[in-house]
Structures are given as C-alpha cells and as structure tokens.
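S.K.: One-letter residues, chain by chain:
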Amino acid sequence: MKNPISLCASLIALLVCFSYAQSDPYTDLSSLESGKDGAARAAIEKQIREGGPAAYAQVEAKLLAALARPNATPACRKFVCDTLRIIGSEACIKPIIALLGDEKEADLARLALESLPGNAADEALIHAVQTSAGRTRIGLIQTLGARRSGGLVALSKDWLNSGDAELARATVLALGRVGGANAIAVLKSAQVPPPLAALREGALVDAAYSLAHAGGKAEASAIFEEQFRSGQSLPAVIASLNGLVDTRGDNNATPLLLAALKDSRPLVAFAAARASARPKDAKLTQGLVGALPSLPPAIQVAVLRALSARGDKIASPAVKASLKSPEDAVKTEAALALEKLGDATVVNDLAALAIGTGPAAAAAQQTLSRLNAPGVNEALVAMLDSSDAATVRVAAVTLRARGDFSAIPRFLQMASSDKDSTRAAAIEALDGLAGTEEMPALMALLRKASANDQEKVASLLWKSTRSLGSDDERFVKLWATASAEAEALKVVILKLASVAGGPSALETIKFASGSEALKDAAARTLCQWPNESAVTPLADLIQKTANPTHRILATRAVVRLLTDRKCSWLASKKIETLEQILPKMERDEEKKMINGAMAKFRAPAK
Amino acid sequence: MKSQSINRRKFLSASLSAAGGAVAFPQIIPASVLGANAPSNRINLAMIGTGNQGFQDMRAFLTEPDAQIVAVCDVNRGSGGYRNADQICGREPAKQLVEKTYASRRSAGTFRGCDAYADFREVLARPDIDAVVIVVPDHWHAIITILAARAGKDIYCEKPLSYTILEGRAMVEAVRQSGVVLQTGSHQRSNPRTRFGCELVRNGRIGQLQRIETRIGTWNRQGPPGDWSPMPVPDGFDYDMWIGPAPWEPYHKDRCLYTFRFMRDYSGGQVTNLGAHSFDMAQWGNNTELTGPIEVEDTGSEWPSAGLFNVAKVVKFRARYANGVELTCRTDLEAEPDRTIAQCKFIGSEGWIEMGSEGFFTYPESLKTSIVGANEIHLGSSTNHMRDFLDAIRARSEPAASVEIGHRSATICHIANIAMRLGRKLCWDPVAERFAGDDAANHMLTRAYRAPWTV
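Chains A and B are the protein sequences, given in the same order. Numbering-wise, this note's numbering puts 212 at position 212 of the first sequence, and it's gapless, one number per residue. Numbering-wise, this note's numbering puts 886 at position 280 of the second sequence, and it's gapless, one number per residue.
Just so you know, these hints were derived from the structure itself, not from any lab. Heads up, the beta-carbon is just placed ideally off N, CA and C, and yes, glycines get one too. A couple of the hints might just be wrong.
Unchecked claim - Here are some of the chain A residues that sit facing chain B, going by a computed Cβ distance under 8 Å:
1. G35
2. D82
3. E114
4. S115
5. E166
6. V376
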C-alpha cells in the first residue's frame, strides 16, 4: 500500500502529464531546468513512442525550435540532443554543430551526431574538428574515430606531433578505430611521446584488425607479424599473436603457435596455449602433444585445456600420461580434458585417481561420470568385482551418476551382500536410480535389512516412488503395498509419512492401529510432522496419551510448528492451543517452553 | 571445484633464467606469473568499485586462499547511503575490511598491504596486479574493462556487461585480442541448480521447448517524486569521475550509489539489473548463449511521467528466437516491492522447469531427481563463480560466463529497452548485431562518451 504522500505525488504527476498531453509540451521546453518539468519530457517521449517514425520529423523540428530560442537552458539542450540521438536526421546537423562552441555543450552535440549516419554529418564534424580546440577537439576526434571516419587521417599528423599529450593520445586511439591502410601508415610513421609508445602499438594492432575485417587479411597479417616480432608492448604483442592466428590460416598458424609456446615471456606462452584451441590443423594437435612434457607445469595446464577444446582424440594417450604428473594442477586438468578426449581405456586410471581426495580426485570423478564412449559402463561394472572397497564405491557411484539403469539388478544383488562396504556402495548407487519397477525388490531388501540399514533402504524405497504423483499420493500407494507386510516392516514404512507430510498421510498416522510398536511409531512420526496440519492431532495426543515420552515429544512439536514463520494460524488461536495443553505439562522445561512461546505470540508485532 | 597449486615462483624462476632475467619484461608481467611481492601461488586482485555489490564480491574473493586483494578503488572515500541509509561503503571502509580480514589470519594479528585509490587508472598501471574486479555503475563497465584488457589484466566484470551493444562488442574484441580472461558476474552460471535445470531443458526432459517466461522485480527504490533540486556534492566524493563518460548532470544523491540503475544515462533499469540474470538463464537453457533473438516487441511497458528516475517502470516485452522459441518478460507487480526477483520458466511440450531467485520448480515434480546421464549434454561444472574465475586465470581458459556470453545476455536487455522505448516491434540480426530497417533503433546501439573518455 502506497503512503498518502506518495499517492498525492503520483496524482500530481499524472495531472501534470495529462495537462501536457492536452497542451503543447514544447512551449516551455527552452526554459527547462534540471529536476523540473519532467512531465514535459515524459510527454514528448510518449509522443515518440506512440507516433512512431511518422512523427519523428515533426518532433525534431519542434525540438530544434526550442533549442534555437536564446533562453534555451543546459537542461533543454541536453534533452534535445539526447532525443535527437534517436530520432535526429540531417536536418539537425547545422543547429547541433553550433553547440560545439562551448566545451560542456560539445559533449551534448556529439550525443546527437555520433550515431547519425551519412557523409553530411562526417563533413560537418571534420570541419568542426579543425576549428575547435582543447577538450572539444578531443571529443570530436573520439567521435570521428567511433564513426570510423577516413577524413580524420589526413588531419591527424599535426596532432600526433603537436606535443599535446592528450591530443596525441586521442588521435592515436581514434586512428586505431578508423583502421585501414592510411591510418596504419600514419600510426607507423608518427613520432609519439614515449609514454604513448605502447598505446600506438595497441592502436596499430586495432587498425590491423579493422583491415583484416574489411578483407585485407594479408596486409593485416604483415602488420601483426612485425608487431609480434619486434613489439615492445606485451599486450600488443599478444594481440598480434592472436591476429596472426586469425589471419594466417589454420596450417600456417601451427609453427607460430608451437614456437610461441616456448617463448621466454610466460604471458606469450600462455597466450599461445590459449590460442591453440582455435586452428583446426591436425598437425597442431600433434605438435602440442609432442611439446607437452617439456613445458613448464603452468603452461601444461593451459595446453591441456586447449587440447580439450580442440577435441582431437589423438591427444588422448598424452593426456592420459599427464594423469601421472607430480603436479596436482596438471593431473586435475588432464582428468578434466579426458571428458572429451578419453575412452574406455582411461577408466582404470581415472578411477584410481578418483579414489583419492582433493581437486584431481574430484575432476577424475566428474570425468568418469560424463565420459561418453563405448565400453565405459562395462569397465565400471567390471570394477564392482574388485576386492578393494574404495574401487567398488567409485564404480558404483559413477554408474549411478552416469544414469546406468542396467546396473540396477547388480546393485540390488550387492545390497544383500554380507560385506558392509559393498552393501553401503550399492545402497548409495541405488539412490536415485531405483524406480517403481524396483519397489518389490526394495521391499524384499527392507524385509531382511539390518537395523543399521533399515532407514537407508526405506529412504530408497520412498525415492523409488517419485513418479507416482504428489508426495501424499506416493505415501498412500506405498502404505497400501505394505498392508500385507509384517508389523515391523510397517513401522519402518509408517515413519515415511512425515516425509510426505500431506493430509492422507496424516490420516494414516492418526488412525494407525495394531501393535504397540506401530502406535509408538505413529506418535513419533506425528511429532516429526513438517507443517501446521499436525498441531491439532498433536494437541489431542498430549491430552489423551498416558505415555510421558509421547507427551514431551508432542509438546515440543507443537511449539516448533506454531513458532515456525510459515505457520498461518492467528496468534490468538496459537495461544488458545498452548493454554489448553499447558495444564498437562509435568516438567518445568516444557512449561517454560510453552510460556515462552505464548509470550512471543502476545508481544505486539514489530 | 578445482584448486590448482602450481608453484608459480618455481615455474617462473625456470622461465626467467631461460629468458636471461626479468628486466626484459616490463610493467605488464603479472605477479601471478612473477610471484613478485606476493606469495608465489597468489593471484593479486584489485577491487574497482566498492559499493554494495563491490563489498559482496570482495567478501567472496577474501575467502579464496590463492587470491590476495592488494588494492581497492572507488570515487567515494566512504559514506553511508548505499543499498540503505546505514550501509557504509567506499574505498576506505573497503581497505579496512581487507586489512582486518587478512590480519585475522596472521599470527601477528596485523596486516598492512591494501592500497586505496580514487582513480582506476592508477590501479591499472600497477604491474603487480594480475586481475581486476569491476563493480562500478554500468556506464563505466566498458571503458575500465577495455583499458584493463589492454593492460593485460584478467577481469571479473559485474553484469550487465555493457551499457550499449556496440561497447559490448568492443569489450568482446578487446578481451579476445589481448588474450585475457573475463568472467561476467552472472553468478547463476555457477549455480548447480540452474545448470541442472538448463541441462534438463537441453536434454529434452520437458519435450520440445516452446516458450520462456521471465519475470523481474519492480523498482525497489523510489526517487525524488516530481520536481527535485540539485544538491551539493558531498566531501570525499569525486562526482566528475563518477559521471565519467555519461552526459553531465547536476548532482543529486539519488543519482549515484545504489539507485544509479534507475536512470537511463547510467543503466537500463530492472531490465538490465535483474533481466541480465533471467535472460542469461533463458539463453543457457535455449542453447542460444552465443547468439540472440531475431525479433523483439514492446507489449505494454509503462514509463514514469516525471521525476529523476526515467527507466521503464513496468517492463513488458516479447522476443522470438530463430528456433521458434518465444521469450517474454514482465515486471512481477504482485511481488513484494523490495524483492529482487529474477526468474526464468522454460515451458515445453511435456512439462516445465522454473528457476531463479524464487526457487526451483518443475512439472512433473519427478524431474527434480532426474539424472543427466553420461551420453547427455552437460553444461560445465562451476559451483563457485569466483573460484571458477581464478581457475580460468590459471588455466588461461574460458570461465563459466565468458565475455561473449555476458555480452549476448546484456544485448537482450538492451534490445528490449530499445523496443520498449520506441514502442514497436523490431527485427534484430544477432550476427550483424543491428536492427533491420530501423534507423532510430540503430542510433541507440551506441552513445557518445563525454570527453575525454573513450574506448
């Protein structure tokens, strides 16, 4: 709910806007002030939105008329330029160029003109840049650079040699953006101040990229080559390396990259490794594989990543060999690369690595889970026969992660094993794999499960029902299948009712009849209930039970559910319920708990 | 998941002796390679922007054992008034937090070694800094990112990656050319739930994908209503630097800090703030993360009629992909005003999957326990966005939310804003990255920077 002040303000704004919609929002546009008359601006924007391109010329004319008035404020000029940036035409060039006389307004003028296509705008800007100075000139140079205006090149020599560092800097950057042979020639021959030398190298590379993009790949490649061989600025050298890879053609990039991998400058070697992911040449893969063992470990990591990206399986043996590296980072990267490059022959090595701990083990486990090649599942199933418990576990959890449903019978068999570790691995693997088809087998497993395993198998059984509808429906169906089972089994299954937490499950609990063990399980399950629907039956239990443990557990459950922030009951109803059960409390602990909750419910809301 | 531990000092000592000494490699060699002043394994980081989100990112990086924050930078020396009046941020509080955190891990109990700067260019000039974390208002992202790339720094840049589409493309090119690593702050790429949901969509678990419905939160702050008056710039706040490449406007407290996102000069409203997450999820699940829609249309956006804030008040648009999938977005007007909702629902012929800030939901419910098998599509493995960035720095590889991915997700925000502002259907060419036959829309692909700022 909005507050009255905010509502009032909105109403006033709406009225003002409405009045502008009715009247002419351009009338007072010239005298616009920052923070005032926002409604006029909004009304003009609405006209543009609703009128579409057909209205633009008329809006433009009105904006220019406002701009031409002698009292036009900076706020008016900003709004007009910002709007003409979108709807402006050649008609706005002359009046907007006139704003270039003032340094601050020159920025606004460029807002309108920079995106305006066509030679007329270029010519006007070129003319203006020659007659401007200071920040205005720098801004215009930027705009001409952004427009990739070739006319800038002829003017730029003087600026580069002017001794004005800021002017030279802007010119270098703009020439880089303009690109083309002429801009490159100027950049090459320019005597820029030493602090701008690196910038000039970067601009040359930018210009070469533009040249390549425009079809001049061979010329661009020559510039990249020169810059790569003799450049002093490392970022420009690296950019040139990338440019060479892009422009030389896949086959010609191979020797360059292999040599660069061994460059004494580590960043160049890293860049070469990264760029090696791109060319398609099969010889590059061979070269990378050959170079791999002799490279420093950090570069090996980057090359392994590149080999993975290349996806060329001839690299598989070399990557597999890297699993034995003494460097954990290399092992990790090799394990990850095998997701794309490996086959069934890497399973044993990966499993051996996965048994350990740390990043390499996690990487090996992930790759085993995702390795998509013939024979991988079979290799993992064979590992289930291993006498090593850790190997069996890795194989089992991997088959689960791979979604290999064909392994389910084997896991069910293993789940009956006398060996604790085998049973545990099988139960872990069945979690999520077993479905409704496995319910009878899981029920059978539950019948003979040890006390230690009962809860885990019951959880498996519950998860196997996941496709049977809502949680409540799932429990009802599961309970029905358990009807003929022994009481002890029913006790285990009944406890799943609180996981379901629905109304039918609650009814089952409320009316559970049979042995004392079953009734006890029902009471304890009710005390675990996840939502407020159990509060009333719990209160009843507290009133009627003769079992002090049930009373204590039920009391704690009532307080837990009523103090839960999700509980929708009114405070008065909560207090009433607690007042009713309070006399039944025998211990101070529960009395204190109830009184504390009631005090909380009685306290005014903050 | 990986935490690699190559001893950089050992590696570099070998590399440098081969090169004949370190002097041949001037300013640009990062400490992560040279192991300069930091322990050999650490990546030296600088935080550029230490506001609300900057503090969140900084706290996350402070937990990474192989990264060290050696510098913080912000135009604000320190003040309250960020996400709420009491939240104190800025460079001095940031420096204090960094030094206090590192001090608590040392037996001496003290630490001095994090420098505070007001100008990011001083940070980029430091040769010992390997990577920068850019958490500034959107209108600054491109300039700092491109200058950082040209300085050879690896980059973590918050979403939305760009302020305009053209500068987003320039960022992609700068990052590619200079071979640096850029992680976009689209953290859902490192959320296992989101990835799992997108894998289910990609693997056909909801049948044929037909529609993607996204929903975002409302304005979670209100600006000064109606008329407002400029204010004096507070002491310790470099307002000219804050405005930077944007058009000059007089200072008002609600223009800066947390609420910058509600003014078009600096951001694109909740479309870019929250939509950047929703659309990124949409792109991921739809397998369009390296391209984009081909059509975008305003379907009833609402705009403020006055006041300082001027981005869309109610967002409503529809876009269509070349694969026939429709993407819609709307402001969730029923949600609590302060909720930062960024939700994405994939609707297929046989079910649906919804994910995002409000939770993870599926129909049928059993999809939640589905197993993505070995012969199916897997979408990476990052579970920690900052960790993934640091790992990508070490492996010189693409991180979970690469620059192209970040640019393409931001592009949807921008073309949607353009379509809503112009109030009509636009045809978008995701290859040429231009609108077909619409000059006004194309004019909005870029914006002139206030001099002397440029990319």
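S.K.: Check each numbered hint against the structure and report the violated ones by number, ascending.
M.R.: none
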